[in-house]
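Line order of the protein sequences matches chains A and B.
Going by our numbering, the first sequence opens with residue 1, and the numbers climb by one from there.
Going by our numbering, the second sequence opens with residue 527, and the numbers climb by one from there.
No lab work stands behind these hints: they were computed from the structure.
In this text, a Cβ means the ideal position worked out from N, Cα and C, and glycines have one as well.
Please note: incorrect hints may appear among the correct ones.
[Claimed, not checked] From the structure, some residues in chain B lie toward chain A, with a derived Cβ separation under 10 Å:
| hint | residue |
| --- | --- |
| 1 | Ile549 |
| 2 | Trp560 |
| 3 | Val705 |
| 4 | Ser951 |
| 5 | Leu1003 |
| 6 | Val1006 |
| 7 | Gly1111 |
[Stated by the list, open to error] Calculated lysine-lysine pairs in the DSS-like style (CA-CA distance at most 30 Å, straight line):
| hint | chain 1 | residue 1 | chain 2 | residue 2 |
| --- | --- | --- | --- | --- |
| 8 | B | Lys995 | B | Lys1073 |
| 9 | A | Lys464 | B | Lys995 |
| 10 | B | Lys1066 | B | Lys896 |
| 11 | B | Lys982 | A | Lys387 |
| 12 | A | Lys387 | B | Lys528 |
| 13 | B | Lys1073 | B | Lys1083 |
| 14 | A | Lys387 | B | Lys896 |
| 15 | B | Lys693 | B | Lys607 |
| 16 | B | Lys1083 | B | Lys1066 |
| 17 | A | Lys464 | A | Lys387 |
| 18 | A | Lys471 | B | Lys1073 |
| 19 | B | Lys1033 | B | Lys864 |
| 20 | A | Lys229 | A | Lys201 |
| 21 | B | Lys864 | B | Lys982 |
| 22 | B | Lys1033 | B | Lys896 |
[As the list claims (entries may be wrong)] Residues of chain A placed beyond 12 Å of chain B at every Cβ, according to the derived structure:
| hint | residue |
| --- | --- |
| 23 | Ile49 |
| 24 | Trp68 |
| 25 | Asp222 |
| 26 | Val413 |
| 27 | Val434 |
| 28 | Gly454 |
| 29 | Ala475 |
| 30 | Phe486 |
| 31 | Asn496 |
| 32 | Leu503 |
| 33 | Pro511 |
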Amino acid sequence: MSDFPWLSVLIALPVVGAVLVSVIPREREALVKQVALGVSVLVAVLAGIMAAGFDAGGPRFQFEERYWWIREFGIHWALGVDGVSLTLILLSVILVPLVILGSWGEADRSGGVDVPPKRSVKTYFALLLSLEATMIGVFAATDVFVFYVFFEALLIPMYFIIGSYGGAQRSYAAVKFLLYSLFGGLLMLVAVIWLYPLSAKPAAEGGLGQGTFLFTELSKLDIDPTTAKWLFLGFFIAFAIKAPMAPVHTWLPDAAQQSPAPALVLLVGVLDKVGTYGMLRFCLELFPGAARWATPVVIVFAVASIIYGAILAIGQVDMKRLVAYTSISHFGFIVLGIFAMTSQAQSGAALYMVNHGFATGALFLVVGFMIVRRRSARIADYGGMQKVAPVLAGSFLIAGLSSLSLPGLAPFVSEFLVIVGTYTRYQWAAIASVIAVVLAAVYILWMYQRTMGGPAAPAVEGLKDLSVREKWVIAPILAIIVAMGFFPQPVLHVINPSVNETLARVDQRDPAPDVTGNVAENGARP
Amino acid sequence: MKAEGIQAASWLLIALPLAGAAILLLGGRRTDRWGHLLGVAMSVASFAVGVAMFAQMLGYAADERRRTLHLWDFIDVGAFKVGMDLLVDPLSISFVLLITGVGSLIHIYSIGYMAEDPDRRRFFAYLNLFVAAMLLLVLGDNFLVMFIGWEGVGLASYLLIGFWQFKPTAATAAKKAFVVNRVGDMGLIIAIALIFATFGTIEYGAVLGTGAEHAGLASQLSTGTATAIGLLLLLGACGKSAQLPLQSWLLDAMEGPTPVSALIHAATMVTAGVYLIVRAGPIFEMSETAQLVVTIVGAATLLFGAIIGCAKDDIKKALAGSTMSQIGYMTLAAGLGKAGYVFAIAHLIAHGFFKAGLFLGAGSVMHGMKDDVNMRHYGALRSVMMITYATFGLGYLAIIGFPGLSGWFTKEGIIEAAFDKGGTSGAVLGACALLGAGITAYYMSRVMFMTFFGEKRWADDVHPHESPKIMTVPLILLAVGSLAAGGFLILGGFAHFLEPVVGTPEKEHHFALITPTGAVSLVLMVAGAAIAWRQYGSRKVPREAPKGSFVTVAARKDLYGDALNESLLMRPGQWLTRLAVWFDGRGVDGLVNGTAAGIGGTSGRLRRVQTGFARSYALSMTFGAALVVAALLVVNVS
């Protein structure tokens, strides 16, 4: 079985599904949905089988495939997964069927305040499936050029989903999303292409003697420090826009406000992770020296994002914008964990990417359920929902509590690991970031209180509680959040070896504990 | 040593109520009919397991009573290895019995109290959830597992304070409790990080030691680090135990149903901070500064809470002020180190009985008074609710330290230990504790007299009546505890029982019937009660509250704790949030958009791109692809 091209098949299947969906006659909406759901479930099952065969103690990249793609430019169609990318692929393939099921009645009535003109249902599902293919591709690519292609290709389906199925300001939001991403992508493209001549240099000059884009080869490069810093920046800025970090984050709240809520699960839950994943994989491993050089500045920006995002989340009046800002805060934690460069912080960050996907996914799904009922994402349009729809309110509360990192739910483990791991090296960054613990309680519980608490508002009277279909959408995701809150070790077990490889590449060891040393006074530890 | 026998099943303690909560919440309305019975059964079963474990422990020699149970590997990253581990030792078992024992009585009482509530099932689910979380808190064998339970009780408290979510005041109070607790949690999280950075482990055994000698890694701590860890832990403790400066949430927490106030906001959850300080004693013992701050916080809070208790006309809020004050005593004792630990825990357990009894008694009164909480509308209730009167009376005598009752044994111990500390600080702390005892006698007598004595002041349409048996039986059992628990603990060798965990005090405490401090506190107690009698017993109590002196006005407003929070934190916070939202929209977004527009030529071009987005996207794709190929060609050629 090991020769079976698992990853290529996983990428191809949703594409086939998308084609299938688009040839179905448009009046057969039910069939469209069933086919889309069927394909996505099949992909999830296959990915699960593949993951079961992953050996955490084995070689770093597994299920590798390598074929020449464009030999003239040294480009391979090279795929493979390590622990980090495997868990992110699993996140994607679990979320997509839930999003499809969650969009069942959504595709033609978007999530915005104003209902846009009726759009093609089957195109929406075809777009979701093509998005899935590019998501798997971007995490599976082990050729930097292929990664770049998927990185850009991701934009296309998402752009059309926002632009065609979004709210009143959808065009503005879609173009803003596109321009930001394209700008970042352009910088990265320059850096990617630059790698080629560097690798073509003879070994004596730090090159490989042959031009290539293979990640495993490129990570052996010995790039001169100045060039490395420029290349690092090219990659980093692209990823910082994607992830997004303050101050290049403003596209996300706009995109979030205008997107249909189920699609946001994928935009914020998975697509944005490409940014943090890219930092961990490419910024650190291709340019270890430059990454260490940039660390202090990056940590300052990460902490700023954590607090700034949280404060802004408190001030939002639109639920989708609010969750978007909470994500900016959470991405700050992920970046902090990556650049603290200790095993706890980095494993925590890698785990956080997965956990945040589920937690925010759950939150957006429930917000989507609310919008379908009340046709508004504004907090002020709700009130007293707990009395009217207790199951919906309960799901909202659990999703919210996971977003504020309540112990016992998945995100806590990752956030705690990031804080502990950061503390052992950068105490003040850890201490500053902990303020978010309080701010998170404020933004989540205040939103909950205003939408669910109090007497039932006249506008929500008579709204229905979750349907059976909606329960099937939200239950698995909440179950995963609880399970991973108490049993994170199986996932950490898969992630740890990859993180250790990254740390070895950037040449960082965990600071040793120190009982007698006066930690509180030194600031920095030996 | 590994847990054996029934102790090897100590996970059942937590699993039973947790299963109860899960069944009731997931089962939905189907479980409405029998949900409350299941909730009670799970709590009682947990108590039974606890008793069996306790009996087994008594069979072991004193130095073999520390038993651990590894359930599964929780987190294992680099040097950070944390198991889902439980610790059964004399300290944790004491809490287990208190939590499940008093908890079960409150479960039973709630069957009657919540009988009319359409959401009674959900109430029992939350109660079960609380018991499970609190047990995890005290049974965890490392700081992280403890913290999971810690936040779990925070969640349960949030759910129960806000149980009547449709009341905006309840929703606000619940949120406030959670947020203020989270401020404390910041300290706890950093403390755990610092403990890991310092010791390379967060296991109790390694850090705190496994015996009375407290010979863990903590004994090698430098003073600076010990102070830092101690103060951070104290911040966490202040949040959960409503100690200054994080006290403000407790009075609002009375928005929850009364059994919740009894269980969570008096008998158990709020004592978690005291547990933490006693458990982490070996760390505090390495820093005199940290210990001193703990005692100061305790002494200040015990007076603060007592003063608030004097001015409240709401019976629950008067008791809440009292809770704050009594926990202040425990915190003070915990800060005294080995000399005080036993009294801190003994007072905690005794308080668990009499305060639960008092709160449930208050609930019984409210039950008969159409949920009116204003004591000015009570009066002369002793004739119509005999059992409530008698049990409340015993709780009252216990809390004011009437000789021979529970509170007398434990509180006297704290006052004496404070004076024994010696020096100026000992004298001041002891004086505060004595003064507090006098004020306690005053405000509790006030509650007693306003409620049960004097003339009836209730309206004609109110017909006070005794509560049903399902409520009075728990009251009677708790009254027995109020009567005997303190004496049983202090005379029955509790100090000896706890010694393997909390260590041996330098000076052994000998119980004496009368001591100089005991005599003073007796005089103060009588004086406090006498003043209260003059004001509220012998005189007519007006139905409307008089204006009162500036002290009374301040105490009614919780000594301006909320006003301070509001002007110092909330308003600036709101202002900052608004500023940030404005800045993000105009400043950041405007700047970036402006730059983009500048690079792209004019903003008009941006708008043009927006119009035909599909077409323009296709165009830019083609252009981009061409660019990529061209660049690759150039690179390849060179």
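Hold the hint about Trp560/B up to the distance rule: shortest CB distance to chain A must be less than 10 Å. violated, 19 Å
Less than 10 Å between beta-carbons is the criterion; does Val705/B satisfy it with respect to chain A? Since the shortest Cβ distance to chain A is 5 Å, the answer is holds.
Taking only the CA atoms, is the gap from Lys1033/B to Lys896/B under or equal to 30 Å? Outside the cut-off at roughly 52 Å; violated.
Grab the minimum beta-carbon distance between Ala475/A and chain B and tell me whether it stays above 12 Å. violated, 10 Å
Interface exclusion of Gly454/A relative to chain B, criterion Cβ beyond 12 Å: violated, 5 Å
Holds or violated: Lys387/A to Lys896/B, with C-alpha atoms at most 30 Å apart: holds, 24 Å
Holds or violated: are the alpha carbons of Lys1073/B and Lys1083/B at most 30 Å from each other? holds, 13 Å
For Lys471/A and Lys1073/B, compute the direct alpha-carbon distance and say whether it is at most 30 Å. Not OK: Lys471/A and Lys1073/B at ~55 Å, beyond 30 Å, violated.
Verify this label for me: Trp68/A is non-interface relative to chain B, using a Cβ-Cβ cutoff of 12 Å. holds, 15 Å
12 Å Cβ clearance of Leu503/A from chain B: violated, 9 Å
Is the straight-line distance between the alpha-carbon of Lys1066/B and that of Lys896/B 30 Å or less? holds, 23 Å
Against the 30 Å threshold, does the CA-CA distance of Lys1033/B and Lys864/B hold or violate the hint? Holds. Lys1033/B to Lys864/B sits at ~9 Å (cutoff 30 Å).
Checked against the numbered hints listed earlier, the structure breaks hints 1, 2, 4, 5, 6, 8, 9, 11, 12, 15, 18, 21, 22, 26, 27, 28, 29, 30, 31, 32, 33; every other hint is satisfied.
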